[in-house]
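A.B. asks: Chains as they are written, first to last, in this note's numbering: chain A, 1 to 114; chain B, 1 to 114.
If you are wondering where the hints come from, they were derived from the structure by calculation, not from laboratory data.
Ideal Cβ placement from N, Cα and C applies to all residues, glycine included.
A portion of the hints provided could be inaccurate.
[Claimed, not checked] Simulated coverage check for chain A against chain B, where a stretch passes if three residues somewhere in it have a Cβ under 8 Å from a Cβ of chain B:
(1) 11-17
(2) 105-114
[To be verified] Computed cross-link-like contacts, BS3-like style, restricted to lysine-lysine with a CA-CA straight-line distance of at most 30 Å:
(3) LYS41/B - LYS22/B
(4) LYS77/A - LYS19/B
(5) LYS40/B - LYS60/A
(6) LYS101/A - LYS40/B
(7) LYS19/B - LYS68/A
(8) LYS41/B - LYS18/B
(9) LYS77/A - LYS38/B
These are the residues of each chain, in order.
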Amino acid sequence: GNSVTQMEGPVTLSEEAFLTINCTYTATGYPSLFWYVQYPGEGLQLLLKATKADDKGSNKGFEATYRKETTSFHLEKGSVQVSDSAVYFCALSDTDTGFQKLVFGTGTRLLVSP
Amino acid sequence: DTEVTQTPKHLVMGMTNKKSLKCEQHMGHRAMYWYKQKAKKPPELMFVYSYEKLSINESVPSRFSPECPNSSLLNLHLHALQPEDSALYLCASSQEGGLIGGYTFGSGTRLTVV
């Protein structure tokens with residue numbers, strides 16, 4: 001079945017450092033890919049998305065490019081802030097069953113210190 | 001209105017109690033979802049309603065009973081739960097083409113079963 005693999009966390013960075021969180025996927029067909037962010041005690045918020053190969057999703061300084069050749073969707077940010085501390089989930093749309101379903105990775109916790 | 005509203009935010013219930021979780025959206029989305037999230041884990045799909053009809057039930061125990069009274073509301077009725085059912089319960093919604101736009105999540109109900 002379809003699956004998403006994320007790098008283990010936590011990722012610990014100083015403010016203004018460069019961020020990369022790796023995400024690779026296994027899927028049949030052409031899924032859409034998403035990054036969601038979850039702040040402590042809250043639900044998930046859609047951060048960015050890409051619906052086809054070579055698409056770049058971007059939002060709030062975060063970017064990710066849909067790479068079909070490497071089956072990857074790595075999340076990047078040039079300069080992180082303390083307020084970016086959260087758990088980040090990579091996800092893909094799964095339509096193997098004909099229904100709409102999101103498959104999540106295990107999440108990567110980001111800790112940014114001043 | 002671009003939000004999914006969940007009530008209550010916190011719930012503590014005994015194993016013999018009956019309670020309900022509520023979810024509401026006014027974005028015109030025709031698919032609604034219940035997810036369960038244990039601590040430090042990704043969300044796990046429980047149920048999907050599409051056009052107010054149950055389209056996915058991920059083998060969830062019968063002590064969880066979903067209900068979709070109309071296109072804006074989604075309930076989750078709880079009865080005779082176990083302590084291991086303690087978790088964050090997330091509601092989400094999407095347009096018919098949720099594969100493209102992703103899901104909008106509520107902030108969740110944190111459930112504790114005692």
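A.B. asks: Give a verdict on every hint.
C.D. replies: Now the hints, each set against the structure:
Against chain B, the region 11-17 of chain A contributes 0 residues with a C-beta closer than 8 Å to a partner C-beta. That does not satisfy the three-residue criterion, and the hint is violated. A count of 3 residues in the region 105-114 of chain A with a Cβ less than 8 Å from any Cβ of chain B is obtained; the coverage claim is therefore met, three being the minimum. A threshold of 30 Å between alpha carbons decides the hint, and for LYS41/B with LYS22/B the separation of about 23 Å falls inside it, so the pair holds. Pair hint LYS77/A plus LYS19/B does not hold up; C-alpha atoms about 43 Å apart against a cutoff of 30 Å.
Restraint check for LYS40/B and LYS60/A: the C-alpha separation of about 25 Å stays at or below 30 Å, so the hint holds. For a cut-off of 30 Å, the pair hint linking LYS101/A to LYS40/B stands: about 21 Å separates their Cα positions. Restraint check: the Cα-Cα separation between LYS19/B and LYS68/A comes to about 45 Å, which exceeds 30 Å; the hinted pair is violated. Taken as a hint, the LYS41/B and LYS18/B pair is honoured in the structure, with Cα atoms around 26 Å apart against an allowance of 30 Å.
Between LYS77/A and LYS38/B the CA atoms are separated by roughly 28 Å; this keeps the pair inside 30 Å, and the hint holds.
Consistency note: the structure conflicts with the earlier hints numbered 1, 4 and 7.
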